[in-house]
Amino acid sequence: MLERTEIVRTEGLTKRYGSLTAVADMNLVVYANEVFSFLGPNGSGKSTTVGMILGLVRPTRGRATVFGHDMAVDAWPTLKRIGAVIESPAFYPYLSGYDNLKALAITLGDIPKGRIDEMLELVGLSSRGGDAYKTYSLGMKQRLGIASTLLRDPDLVILDEPTNGLDPAGTREVRELIPRLADEGHAVFLCSHLLHEVEAVSDRVAIVKRGRLIAEGTVQQLLGRGQYLRMRSADNEALARALGGVDFVRGVDHIDGYLRAEAPVDRAAELNQLLAGKGIYVSELSPWQVELENVFLELTGEEVT
Amino acid sequence: MSRLIAAEWFKLRKRMMTWVVGIILVALVILLYSVLWSISGRVTTFGEHNEFTAEDLRRALFLQGAVPFALEIAGSFGTILAIILAAGAVGSEYSWGTIRLIATASSGRMQLMLAKLIVVFALTIIGVLIAVLVAVVYSAIITYVNGGSDYSFVTAPWVRDQFYSYVRTIFVMSPYITLGFAAAAIGRSTLAGVGAGIGIAFVEPLVGNLMRAGGSPWKDIPNYLINSNANVITLQNKVPPALPSFGPSARDLADQHVFSVEGAAIVLAVYVVVFIALALLFYRRRDIGSAS
Chain Z
1 MLERTEIVRT EGLTKRYGSL TAVADMNLVV YANEVFSFLG PNGSGKSTTV
51 GMILGLVRPT RGRATVFGHD MAVDAWPTLK RIGAVIESPA FYPYLSGYDN
101 LKALAITLGD IPKGRIDEML ELVGLSSRGG DAYKTYSLGM KQRLGIASTL
151 LRDPDLVILD EPTNGLDPAG TREVRELIPR LADEGHAVFL CSHLLHEVEA
201 VSDRVAIVKR GRLIAEGTVQ QLLGRGQYLR MRSADNEALA RALGGVDFVR
251 GVDHIDGYLR AEAPVDRAAE LNQLLAGKGI YVSELSPWQV ELENVFLELT
301 GEEVT
Chain A
1001 MSRLIAAEWF KLRKRMMTWV VGIILVALVI LLYSVLWSIS GRVTTFGEHN
1051 EFTAEDLRRA LFLQGAVPFA LEIAGSFGTI LAIILAAGAV GSEYSWGTIR
1101 LIATASSGRM QLMLAKLIVV FALTIIGVLI AVLVAVVYSA IITYVNGGSD
1151 YSFVTAPWVR DQFYSYVRTI FVMSPYITLG FAAAAIGRST LAGVGAGIGI
1201 AFVEPLVGNL MRAGGSPWKD IPNYLINSNA NVITLQNKVP PALPSFGPSA
1251 RDLADQHVFS VEGAAIVLAV YVVVFIALAL LFYRRRDIGS AS
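Respectively, the protein sequence lines represent chains Z and A. This note's numbering numbers the first residue of the first sequence as 1 and each following residue consecutively. This note's numbering numbers the first residue of the second sequence as 1001 and each following residue consecutively.
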């Protein structure tokens, strides 16, 4: 197996504000060519973690390294390789979209001529590039934010709720863009509450709650944390009792006239045979479709916002 | 660093506030010249004790006194405008949220703040220069209309003296500009910078007068404040006596036992250094972003 290139590594990253612990002992690794999604309810420490990764927020303890550089020590050589929109896109309201990117390009230096037009074209803002930023809709601001992150052709792209405010067509474009960026060699660090979006584009996911990492893995790993089978029979009570005697069934719930049994999906046929052997014949038996949203809610115990 | 300066220049040049502040300064120069020229044609005597004739006032508006009078305006009203410019250059980055954008695109926090300060000073220098040029043009018109055609005063020492007056004015404005800048950086808002800068500019003379009236040990404290020392240096600019002055007279300052010009310059320089250091220190050490 090929060794994967580490782009971001956080080790015991902790941030305290007085008695409030915003981030506690956060250990993350983001690799090249992957879309890494960072999920958590509001106030869970996502932005603070990103702030520490970018060197904007000083860790109370631990460290964040990007491309092997400690961001609390010397961020600039690394920041040149990162494109980031944190929390929400923020630009100069009196400047046009084009001039905002120009101001950023001057600050960064070494941005090829024509790159600004190229980026405006990429995000579909060419026709409005000359208009003042303050006249932009939320979706247009998001598009300009994405253009600004890609302006320097970064190795690491950090996007915070990139489809917020976008229309369906824009959302689809961004969803297509994110995996494409990973395919082109960028590492993408995506903060999002839109779990369908995360599920569709992510290679790996980390879920945080109250500043702590509570789950991390590939989307498939997280979805497979609890595998379930959905079934019903003429006598669901008898079925439930029978399931209780099966060693690989870890739990049974009654949901909407069905039974949900926590059991490996690939042992469905075996289970059916066992139940039939006990004289219970199920009328339906199928894998229970688990979505990331369910996993998120189960782990965080909070509403999706 | 040069990239940061270029970017700050680009942003402030494109900002309406920069132009509005410049236009206000030019308008003030034109307004004051117009009012005084008008007065000189309507009154027979002028001044607090009617010590000047209308002719004295008219001649004071001639070209010879144009530079110091323009600098007198810039040093008083212009300082307020420069404080607004300086505070806005930093504070707006926080109110718009662009501080994160530039912090992740800049080669260093110290460099970013210094670039902002350099551009604010550059714009102040240009603004005051434009105010002086407008005053010179207006004054030349007044001189021409009133038949004053003697330009023998334009000698190398005179030109040098005007230049020194210009440098002195910018220098005297510096503590207020850096104060507004530092307060905006520390308070993370334009309002904090404008409030501190303008507040000190207005309140300090009042408090200073109270302290002087209070006797020992209060009476000497104002000598270490910005206003007294700024007045000492500004007084070196030779504004024609018939024209209004916005600071105390030489006699008032002598009564207050203020520092020498050199001493006043050192005190003001210390303030400038302290304010810049505070701005850099706070911005460098502080987290940028939310605490979510």
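Where hints are given, some of them may not hold.
Stated by the list, open to error - From the structure, some residues in chain Z lie toward chain A, with a derived Cβ separation under 7 Å:
#1 Arg58
#2 Gly62
#3 Thr65
#4 Trp76
#5 Ala84
#6 Tyr94
#7 Leu108
#8 Ile111
#9 Gly217
Keep in mind that the hints were calculated from the coordinates and are not lab data. Quick reminder that beta carbons are idealized off the backbone N, C-alpha and C, glycines included.
The hints, checked one at a time:
no. : hint   : result
1   : Arg58  : holds (6 Å)
2   : Gly62  : violated (15 Å)
3   : Thr65  : violated (16 Å)
4   : Trp76  : holds (5 Å)
5   : Ala84  : holds (6 Å)
6   : Tyr94  : holds (6 Å)
7   : Leu108 : holds (5 Å)
8   : Ile111 : violated (10 Å)
9   : Gly217 : violated (24 Å)
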